[in-house]
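*Asks:* Sequence:
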Amino acid sequence: MSDPRPVETWLTDMDGVLVHEEDAIPGAAEFVRALEASGRSFLVLTNNSIFTPRDLRARLLSSGIDVPEAAIWTSALATAQFLAEQRPSGTAYVVGEAGLTTAMHDVGYVMTDRDPDYVVLGETRTYSFEAITRAIRLIEKGARFIATNPDPSGPSPAGTLPATGSVAALISTATGRQPYYIGKPNPLMMRSALNRLDAHSETTIMIGDRMDTDIISGLEAGLRTVLVLTGSTSREQVEHFPYRPSRIVDSVADLVRFVDDPAGSGQPAEDR
Numbered sequence: 001m002s003d004p005r006p007v008e009t010w011l012t013d014m015d016g017v018l019v020h021e022e023d024a025i026p027g028a029a030e031f032v033r034a035l036e037a038s039g040r041s042f043l044v045l046t047n048n049s050i051f052t053p054r055d056l057r058a059r060l061l062s063s064g065i066d067v068p069e070a071a072i073w074t075s076a077l078a079t080a081q082f083l084a085e086q087r088p089s090g091t092a093y094v095v096g097e098a099g100l101t102t103a104m105h106d107v108g109y110v111m112t113d114r115d116p117d118y119v120v121l122g123e124t125r126t127y128s129f130e131a132i133t134r135a136i137r138l139i140e141k142g143a144r145f146i147a148t149n150p151d152p153s154g155p156s157p158a159g160t161l162p163a164t165g166s167v168a169a170l171i172s173t174a175t176g177r178q179p180y181y182i183g184k185p186n187p188l189m190m191r192s193a194l195n196r197l198d199a200h201s202e203t204t205i206m207i208g209d210r211m212d213t214d215i216i217s218g219l220e221a222g223l224r225t226v227l228v229l230t231g232s233t234s235r236e237q238v239e240h241f242p243y244r245p246s247r248i249v250d251s252v253a254d255l256v257r258f259v260d261d262p263a264g265s266g267q268p269a270e271d272r
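Anchor point for the sequence shown: position 41 equals 41 in our numbering, and the numbering is continuous, going up by one each time.
No wet-lab data here; the hints were simulated from the structure. Remember, it's a predicted structure, so these values are computed and weren't measured experimentally. Glycine included, C-beta positions come from ideal geometry on N, C-alpha and C. There may be inaccurate statements among the hints.
[To be verified] Quick list of simulated restraints, FRET-style, between CB atoms: (1) Ser172 x Pro26: 35 to 45 angstroms; (2) Asp113 x Ser172: 12 to 22 angstroms; (3) Ser234 x Glu30: 22 to 32 angstroms; (4) Asp250 x Asp212: 15 to 25 angstroms; (5) Thr112 x Ser234: 39 to 49 angstroms; (6) Lys141 x Leu170: 12 to 22 angstroms; (7) Ser128 x Asn195: 26 to 36 angstroms; (8) Tyr243 x Ser153: 36 to 46 angstroms; (9) Gly142 x Glu21: 15 to 25 angstroms; (10) Asp106 x His200: 22 to 32 angstroms; (11) Thr160 x Ala98: 21 to 31 angstroms.
Construct the entire structure; sequences and hints are all you get.
*Replies:* This is how it looks when you write it as structure tokens:
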């Protein structure tokens, strides 16, 4: 087998890799600065569809991490892009917040509850029973069902919150229709990020903290993967999965030295 090609592009998850809620993970700001100084392309990915890239940039900046707005890619953006390619200038009934509705408007979609082409479900901190009921009835009438991501829950300062996957399950139970999920672990999320950067899978690394979303979607998209242990998956849990990341590190701080070493970062030794 030939040696791996040097790394030219980096993709990284946000929560659990760069931040915990509003607090930066040690080494995250240095890692982002190293990426920018290197001139290599990178994107910060998130399944969170609540916020726009501008909102997320402000959130990261308040934590001391300076990520350009253009370097943030959300499941809302990936969803809007997918729908614009599938059915240009279509219509949708959207359950979500500004991150999703803004992305849908930006690709030319019309928001409506009158015979929409799609029902699009995203995250919101205030799920409305009325909105969920309307979504159910529109799907029963023939609207195609799309969800930004399958995450069943999400964190908040007060504790766990139901997320898109949980509400999608409610709608699916009522309608008998399963949604098509766009965000991780669908490798479509990775492919859309690669296309945004005009990057190639063979020269890209994906960094994540979850084996069942970040690592599997990177693997299925043909990327090399790095698991950091600052989030959801522990080192012991890795052995429970039938696949492995290319490398396991304690945190993103351990990757700073690889950014300026294309040959080294291109051939990360597997950490067992």
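*Asks:* Run every hint past the structure and note whether it holds.
*Replies:* To see whether the hints hold, each was checked on the structure:
no.	hint	in the structure
1	Ser172 x Pro26: 35 to 45 angstroms	holds, 40 angstroms
2	Asp113 x Ser172: 12 to 22 angstroms	holds, 20 angstroms
3	Ser234 x Glu30: 22 to 32 angstroms	holds, 24 angstroms
4	Asp250 x Asp212: 15 to 25 angstroms	holds, 20 angstroms
5	Thr112 x Ser234: 39 to 49 angstroms	holds, 46 angstroms
6	Lys141 x Leu170: 12 to 22 angstroms	holds, 18 angstroms
7	Ser128 x Asn195: 26 to 36 angstroms	holds, 34 angstroms
8	Tyr243 x Ser153: 36 to 46 angstroms	violated, 23 angstroms
9	Gly142 x Glu21: 15 to 25 angstroms	violated, 40 angstroms
10	Asp106 x His200: 22 to 32 angstroms	holds, 27 angstroms
11	Thr160 x Ala98: 21 to 31 angstroms	holds, 23 angstroms
Consistency with the previously given hints fails for numbers 8 and 9, ordered from lowest to highest.
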